[in-house]
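Assembly of the complex is requested from the two constituent chains, each provided in isolation within its own frame, with the hints serving as guidance.
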Amino acid sequence: MNVETNIQKPLTAKDFTSDQEVRWCPGCGDYSILKQVQSVLPEIGLKREEIVFISGIGCSSRFPYYMETYGMHSIHGRATAIASGLKATRPELSVWIITGDGDAMSIGGNHFIHLLRRNFNVNVLLFNNEIYGLTKGQYSPTSPAGKITKSSPHGSVDHPFNPLALTLGADGTFIARSMDRDPKHLREILLRANKHQGTSMVEIYQNCNVFNDGAFEIFTEKSSKKNETIFIEQGKPLIFGENNDKGIKLDGFKPVIVDLKSDNVSENDLWIHDENDRGKASILVRFFDNHQATGHLPRPFGIFYQEDRSCYEDDFKMQIEKASMEKENESLDSLLAGRNTWTIN
Amino acid sequence: MNSNIKEEVTILFAGDSGDGIQLTGSQFTNTAALLGNDISTFPNFPAEIRAPQGTLAGVSGFQLHFGSIELFTPGDSCDVLVVMNAAALKANLKQLKKGGTIIANTDGFDSKNLRLANYPDGINPLENESLDNFKVTLIDLTKLTRECLKDSGLGTKDMDRSKNMFILGYIYWLYNRNLDNTIDFLKAKFKKRQDLIDANIKVLQAGFNFGETCESTATIEVKPAKLEKGTYRSIMGNQATALGLIAAAQKSGLTLFYGTYPITPASDILHELSKYKNHGVKTFQAEDEIAAICASIGASFGGSLGVTASSGPGIALKGEAIGLAFMLELPLVIVNVQRGGPSTGLPTKTEQADLMQALYGRNGEASIPVIAASTPTDCFDAVFEATRIAVEHMTPVIFLSDGFIANGAEPWKFPKSSDLKEIKPVFAKEYTSENKEKFLPYKRDEKLSRKWAIPGIKGLEHRIGGIEKEHETGNISYDPDNHEFMVKLRAEKTQKVADYIPLQAIDSGKDKGKVLVLGWGSPYGAIKTAVKSLISEGYEVSHAHLRYLNPFPKNLGEILNNFDKVLIPEINDGQLVILIRSKYLKDAIRLNKIKGLPFTVDEIKSKIIEIYPN
Ligand code: SF4
Numbered sequence: 001m002n003v004e005t006n007i008q009k010p011l012t013a014k015d016f017t018s019d020q021e022v023r024w025c026p027g028c029g030d031y032s033i034l035k036q037v038q039s040v041l042p043e044i045g046l047k048r049e050e051i052v053f054i055s056g057i058g059c060s061s062r063f064p065y066y067m068e069t070y071g072m073h074s075i076h077g078r079a080t081a082i083a084s085g086l087k088a089t090r091p092e093l094s095v096w097i098i099t100g101d102g103d104a105m106s107i108g109g110n111h112f113i114h115l116l117r118r119n120f121n122v123n124v125l126l127f128n129n130e131i132y133g134l135t136k137g138q139y140s141p142t143s144p145a146g147k148i149t150k151s152s153p154h155g156s157v158d159h160p161f162n163p164l165a166l167t168l169g170a171d172g173t174f175i176a177r178s179m180d181r182d183p184k185h186l187r188e189i190l191l192r193a194n195k196h197q198g199t200s201m202v203e204i205y206q207n208c209n210v211f212n213d214g215a216f217e218i219f220t221e222k223s224s225k226k227n228e229t230i231f232i233e234q235g236k237p238l239i240f241g242e243n244n245d246k247g248i249k250l251d252g253f254k255p256v257i258v259d260l261k262s263d264n265v266s267e268n269d270l271w272i273h274d275e276n277d278r279g280k281a282s283i284l285v286r287f288f289d290n291h292q293a294t295g296h297l298p299r300p301f302g303i304f305y306q307e308d309r310s311c312y313e314d315d316f317k318m319q320i321e322k323a324s325m326e327k328e329n330e331s332l333d334s335l336l337a338g339r340n341t342w343t344i345n
Numbered sequence: 001m002n003s004n005i006k007e008e009v010t011i012l013f014a015g016d017s018g019d020g021i022q023l024t025g026s027q028f029t030n031t032a033a034l035l036g037n038d039i040s041t042f043p044n045f046p047a048e049i050r051a052p053q054g055t056l057a058g059v060s061g062f063q064l065h066f067g068s069i070e071l072f073t074p075g076d077s078c079d080v081l082v083v084m085n086a087a088a089l090k091a092n093l094k095q096l097k098k099g100g101t102i103i104a105n106t107d108g109f110d111s112k113n114l115r116l117a118n119y120p121d122g123i124n125p126l127e128n129e130s131l132d133n134f135k136v137t138l139i140d141l142t143k144l145t146r147e148c149l150k151d152s153g154l155g156t157k158d159m160d161r162s163k164n165m166f167i168l169g170y171i172y173w174l175y176n177r178n179l180d181n182t183i184d185f186l187k188a189k190f191k192k193r194q195d196l197i198d199a200n201i202k203v204l205q206a207g208f209n210f211g212e213t214c215e216s217t218a219t220i221e222v223k224p225a226k227l228e229k230g231t232y233r234s235i236m237g238n239q240a241t242a243l244g245l246i247a248a249a250q251k252s253g254l255t256l257f258y259g260t261y262p263i264t265p266a267s268d269i270l271h272e273l274s275k276y277k278n279h280g281v282k283t284f285q286a287e288d289e290i291a292a293i294c295a296s297i298g299a300s301f302g303g304s305l306g307v308t309a310s311s312g313p314g315i316a317l318k319g320e321a322i323g324l325a326f327m328l329e330l331p332l333v334i335v336n337v338q339r340g341g342p343s344t345g346l347p348t349k350t351e352q353a354d355l356m357q358a359l360y361g362r363n364g365e366a367s368i369p370v371i372a373a374s375t376p377t378d379c380f381d382a383v384f385e386a387t388r389i390a391v392e393h394m395t396p397v398i399f400l401s402d403g404f405i406a407n408g409a410e411p412w413k414f415p416k417s418s419d420l421k422e423i424k425p426v427f428a429k430e431y432t433s434e435n436k437e438k439f440l441p442y443k444r445d446e447k448l449s450r451k452w453a454i455p456g457i458k459g460l461e462h463r464i465g466g467i468e469k470e471h472e473t474g475n476i477s478y479d480p481d482n483h484e485f486m487v488k489l490r491a492e493k494t495q496k497v498a499d500y501i502p503l504q505a506i507d508s509g510k511d512k513g514k515v516l517v518l519g520w521g522s523p524y525g526a527i528k529t530a531v532k533s534l535i536s537e538g539y540e541v542s543h544a545h546l547r548y549l550n551p552f553p554k555n556l557g558e559i560l561n562n563f564d565k566v567l568i569p570e571i572n573d574g575q576l577v578i579l580i581r582s583k584y585l586k587d588a589i590r591l592n593k594i595k596g597l598p599f600t601v602d603e604i605k606s607k608i609i610e611i612y613p614n
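Line by line, the protein sequences give chains A and B.
Heads up: the first sequence begins at 1 in the working numbering, then just goes up one per residue.
Heads up: the second sequence begins at 1 in the working numbering, then just goes up one per residue.
Excised from the complex, chain B in its bound form (with noise of 0.2 Å):
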């Protein structure tokens, strides 16, 4: 069998919301993963959970690349589109390359698919040249598996719900994959129904085999990736954040109190954590997301890790008691997953446009640490990191992720346990015959932090609350002076943050030269991508990504004075932009996006020639 060698490969499986798009998709990632190539996703969910068959709205997609060699986005554009339906290919062919190939479901090109796709009548792409441009491989993916499973005493409908199987199974065949990885998956997935595993193994095999006997195409062969040394698994962002709350809380001796309500497209933490009852992991679904987060401020007063969650529309409503929070000063971590807004905005769209809101979306002078994720991966360091500073400084926290990091896959080189820091609450002590210092629940540390007084303790009786309070004591005051001493005693206490986290690096690039390129969130990859290669091309421009949006890193003011130009690239109308300029009076130039897509590689190449000094 002749085989081609690639260095990396873009895959787009699109099909029905009700295709098994999803699965296939994810399926496909692990079993690359698996093998030992470097990976990045894509889902792109329809808004509505079932949107009419066959129509544009309901179209679910899943991009992979998937290479041996380092990836840092989910692919610009695709090789190889699969499409299960004329609405799936309408949609996405502008995706794929030039020269492409299309692997598709004929049977999804039937008159009804076609005028539901708002083909015009009469136009079927797949029977006129429309697509000579690119490579089609026509499957009748619903007769091959009713075909190949007319024994199976299935009903037609059990049928057809396994033919992404067939598709997987060929997709496997082309990129000399096996089905291991699946046929595991798929024996725990049903494990109480022995026909339909059958059933599907079955037909992910007939799919495979399918492809050997056509050999209507030559196989194509994607070698492991050379990444660094290690032991490594796949993850999604959202289980990254999870994953790292929990190794948070284990590392600080608190136990973790996750309190939130429902909301696309932060829920999958919810569904993660709630696994982990055996980790001591206690989940509140709460009424609302006003008792969600105040739920976790009860268990953080407690002397829990209080932790919260939502994505914005739920952060505005969580906005005072987030200021009550900072009051009371006991740590809180706030977990913003982003997605297109204002209001309901685009639910399933990715988006940064919260970056304001959780720097100064509550009443008063509320300042707190924001801290940004910037790949799947990165929610695991940066959420743990979130909860250091929160609990260490004894203050909420929010921690950024968005849709597109929080429902893409990459390999994740995880950490040993013993590799963790530890992280450090300050508990005050009881009172007793050797401690005899009156316990004062507002006297701070060289960290300008509170003790942690938590109920049970004898001698520590206290009352907090969100009046101003006297300096120390804690004690209600109205007094002019000691409010706008306390006002900026708050605002203090957080920019001194910035002496306990690591000082700005440059990420790719020299730290000197024409153009730098600063980012924050999502963008990483497609930032990453952009910078490399035009240093290659020998144009000198750096990447440097922030973390720590508030305090900014001490040394970012000198960052940003050792290069002509800065570009700061957001999926948002100009945010991050605005605090740069203000903060450092330094005339920085935006990119901007707001399609509750990523950026492409290209769009961000594009943009650093443009503005680059000549």
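Next comes chain A alone, as it looks inside the complex (with noise of 0.2 Å):
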């Protein structure tokens, strides 16, 4: 690729595909994600030389292969890690980590929440399928109760994790949820993240059509869809439902849904989203509900939570500027020669 030519033209989502043949099943919800990640780049107008991918293993970590930019294709858990280690080193960098369920919330659990209270600025797209692809079908942290797959015949009795409520209870600074199936909306929290000073969490339903297909079904589909889904915005109602008839309203701590027609109620009545109020957002992320149950909340998508809290790799940066504005004339003669010397003649 002639990269002098770029120099003056701006770039577009072509600049940032990379040769490589993309190898998903047909039909993955990865594809989606990939293009909107491709044109979403080109308008934050960073150079490709300033990005990295870093991934770790499963279908979803084979994206940095695909983007014309920096990548590394790392371990099962460890992008995270790696990720850190990078930002921590090289701060002026724009570091996207791709995970998937069993790679961030199994695997690498434990890096996903240290990186999370460090609150490195980096973005984490987590492509959750609620399976394990890669390994041709297996139930994932984040496969519901009583799922039938290839390791569970008679239905998993795992209790599923749910990311964003894990992501805030690890003090996650940016906490959003968005959807293959909806491109406009990723592309709108992809800026958003992308924004955001600090750990940037976007948990992504992705459907897995061959081992899981339809997981989302009810969140994508246009019949259902409106009434099992919200998406909430800053300073807005909640308000969802066919007609935009339904809303949620703030029973002290206890979310209720209301109906906008016949209950009574106004608009004015309704939670107000408030993407800082930490307090609603541990409610928010709590709309977690099994949707065959009776009086359930819907789902929600869009930005849960944003908090403004310094980031690790500028705390380590400054330490250092200030020992070494400290200590500035230390040479490496004097470190090596310590305190005490005594001299043989």
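Calculated directly from the structure, the hints in this document are not laboratory data.
Please note that the accuracy of each hint is not assured.
The calculated lysine-lysine pairs, modelled on DSS-like cross-linking and capped at a C-alpha distance of 25 Å, are [claimed, not checked]:
#, chain 1, residue 1, chain 2, residue 2
1, B, Lys-607, B, Lys-514
2, A, Lys-327, B, Lys-191
3, A, Lys-9, B, Lys-429
In silico contact screen, one side only, chain B against chain A (beta carbon under 7 Å); selected entries [said to hold, decoys possible]:
#, residue
4, Leu-34
5, Phe-45
6, Pro-46
7, Lys-135
8, Thr-137
9, Leu-227
10, Gly-259
11, Ala-291
12, Ala-295
13, Ile-297
14, Gly-298
15, Ala-299
16, Gly-456
17, Lys-458
18, Glu-461
19, Arg-463
Facing chain B, according to a computed beta carbon distance under 10 Å, are these residues of chain A, among others [unchecked claim]:
#, residue
20, Gly-71
21, Met-72
22, Ser-74
Quick caveat: nothing in here was measured; it's all calculated off a predicted structure.
All C-beta atoms in this analysis are idealised placements derived from N, C-alpha and C, irrespective of residue type, glycine included.
Have a look at this one:
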């Protein structure tokens, strides 16, 4: 690819597409996420050489190979740890972590929570397909209880993780959810994630059409989407439903669904979304009911929570700069000599 | 005052881990070193941080060998045994030479202490004839210390804490040392507590004066050693490793990133490095061993010198990531300060049992260079060399140290920074109108290593990973022929390092002879002392010591063939011996010790004599 000619022209999605053949199964939700990321990057305005994609292992983790940026396809669960070392030493780079529900929630769970508490300024795209795809169809830590898979023919007895509740519990500073089937929404979330200073955790519902087809159908299909999802926006009331006729009201700490037409409530009585309210965020991430349960809450999509907190790499750098200023002139020779020496003639 | 002159003395300080034994020992060490003695030390920690007071499990020891001649070991046995309590005496008496001196704190021999040390009821070794073969000096440290501090206003607890200063002062008197170095140390240590500075100095002086006034024995003079000319300092192995890493980073123009997780006995490297932020050193205490190495790999990918360190259990956890670094072909130094294994094993004791782990402890064919240090000061040179190989050959390198040399101290004729070799990383260059060569991430040079292409450089965007890759392009490849080719190519790359390291030299003795003692790692001092002594007795024995364990120096086979017999002493159940047998078909003889303790000189000497061909 000719680099020089690219200097003049603004970059396009094509400039972020590597020459490698994309090898996901036809129809996999990963394609749409790849496309969105490739089209969002030119908009962000970074140069290709300033961007690094780091992934672990799993279907989604092939992602870096398809990006014409710097990239590393590492080992299972460790992308977060590798990205931490990179970001700590190269804070100026834009670092994106590509991971899945197995990679981040299971084998890499420890690094995932520590990344969040340290708040490195990186973006985590967690492709959640509620299944192990690459190993051909075992239940994952986000599969619902009772899930019948190759490794759970009688149904899984595992209680699933709620990735966003976990993120909030680990003091994540940017918590969002989107889905492969809604490119427009995903695109907006990606742009916001990139803007956030700190670890931006974006859970993306991704359909694995081979081993877990339709896992999120209820949230994506026209017939059910309106009733089963709620798209949250800063400063706006929580409204959903076929004709935007349902709302959510807080009854103390308990969210309740109200009928805007019959319940005698107006929009002013509804829960107004505030991204910066940690208390409300902790209720919102718990909108995680089984959709078969009667009276269940809709599944939220959007930015649940955002907080400004200092980033590890900045504090790390500052400490070194401060120490260097205080003891500016200590040479390697004086370091080697230490404080007590003697001479033999 | 009469004074006896001695060439060398070994003192063993022993007491409860709360008695300040390590501090007392290291203070005497520093003072001895500053006065020009050669020194070699062996701190022996109990497994528990604070085991129950007065028990055998709680005994902490610090053995110091100092002399006017060159010394290579902390001494097989001791001339002087300083014991703070009954348990310390019981645990260490077997270490004392016949006719040696015992200096005992009588206060540590009350009925409670005697019971805790498992002495039978009514038996006090200080009061019966059991110690008749030794010279015994009794001092009631608690009483004398409290007496000395009665006007200090300190509580009894604080007073009692300084009783180790009394004993130190007494030993200083015994060996004609002055107190200046320790007084300076106390002033720095208690910077904010003038009362503690005063109290400790007072007790130290009182101990010294106690010797002078009682004059129960003649003082002993140990003259400065005739070491090579130059300026020296005293240093411990872990400190030397830390300084070696800083020096290597500076000499390669790279930022040092040290990702690690605390583990005995490697943590002191972290403590040391974290003090040097002013040298740009980045220390990262990760959430676990795996994160520690992975963060270091991330740093190396970004163009820093990534280093990670641990001990055996942690290295086991890092195995998969070492394989990744091997596939990525990025520089990475992996420090293993070995300890007794397997599993948790003996955390505070020494062992060399991770050699096979270093060589083979990964899935697939992943042979990486392995370098071992042989003495505390050698940690500096060996880790510098490990870094050079990592950076110049674009590979992870394992650096092996162990608990014995990590915590042992010796005089170090430290180098000038200008005498240290430059380390030359080979970076891929930016794509420009002059440099139009298409960048291939896995294109190799004559060393078979690839170039380091650092994020941020235009035109070098590339993807690397753990999956098998196509030759040169680095693209994913499952091609059978390519895989076989790549496996062999990576193995050859590691073996190629042999072209860039020195040939193996003979450390002591002639190039040919009856017995070659081949060692690696920390038994260096014991082997050297044993071999030198046998040479002086007329034996045709030589000593060669391996720093490079993978690849071996090219002339090693030749050296082995110049001797009738090869003896390999190791603090393990026989690992190097297996490698030597399989690679050179040489019927090497093993000498193994697996007690968590270093070899004594005698153990090695007797084995050489036993196998010596008639
Ligand atoms: S297995 Fe599932 S997740 Fe993996 S590529 Fe195929 S469809 Fe996508």
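For each hint, the structure was consulted:
Between Lys-607(B) and Lys-514(B), the direct Cα distance comes to roughly 14 Å. Compliance with the 25 Å bound is thereby established for this hinted pair. A hinted pair counts as satisfied when its Cα atoms are at most 25 Å apart, and Lys-327(A) with Lys-191(B) qualifies at roughly 20 Å. Using a Cα cut-off of 25 Å, the hinted pair Lys-9(A) and Lys-429(B) holds, with the two alpha carbons roughly 23 Å apart. Because the beta carbon of Leu-34(B) sits about 5 Å from the nearest beta carbon in chain A, less than 7 Å, this interface hint is met.
Because the smallest distance between the Cβ of Phe-45(B) and any Cβ of chain A comes to about 23 Å, over 7 Å, the interface hint for this residue is violated. Interface hint at Pro-46(B): violated, since its Cβ lies 28 Å from the closest Cβ of chain A, which is beyond the 7 Å cut-off. Violation of the interface hint for Lys-135(B) is found here, the shortest Cβ-Cβ separation to chain A being roughly 31 Å, above the 7 Å cut-off. Taken as an interface hint, Thr-137(B) does not check out: its beta carbon lies about 29 Å from the nearest beta carbon of chain A, beyond 7 Å.
The restraint placing Leu-227(B) at the interface with chain A holds, with a minimum CB-CB distance near 5 Å, inside the 7 Å limit. Satisfaction of the interface hint for Gly-259(B) is found here, the shortest Cβ-Cβ separation to chain A being roughly 6 Å, below the 7 Å cut-off. For Ala-291(B), the shortest C-beta to C-beta distance to chain A is roughly 4 Å, which falls under 7 Å, so the interface hint holds. Annotation: Ala-295(B) was flagged as interfacial toward chain A, and the flag holds, the nearest CB pair being 3 Å apart, inside 7 Å.
Restraint check, Ile-297(B) versus chain A: the minimum CB separation of about 6 Å is within 7 Å; hint holds. Annotation: interface hint on Gly-298(B) holds; nearest CB of chain A at approximately 3 Å, less than 7 Å. Given hint, Ala-299(B) at the interface with chain A, holds; its Cβ is 4 Å from that chain's nearest Cβ, closer than 7 Å. Annotation: Gly-456(B) was flagged as interfacial toward chain A, and the flag holds, the nearest CB pair being 6 Å apart, inside 7 Å.
Restraint check, Lys-458(B) versus chain A: the minimum CB separation of about 5 Å is within 7 Å; hint holds. Satisfaction of the interface hint for Glu-461(B) is found here, the shortest Cβ-Cβ separation to chain A being roughly 5 Å, below the 7 Å cut-off. The closest approach between the C-beta of Arg-463(B) and any C-beta of chain A is roughly 4 Å, which is under the 7 Å cut-off, so the hint is satisfied. The interface hint given for Gly-71(A) is met, as the beta carbon of that residue sits about 4 Å from the closest beta carbon of chain B, less than 10 Å.
The restraint placing Met-72(A) at the interface with chain B holds, with a minimum CB-CB distance near 6 Å, inside the 10 Å limit. The closest approach between the C-beta of Ser-74(A) and any C-beta of chain B is roughly 6 Å, which is under the 10 Å cut-off, so the hint is satisfied.
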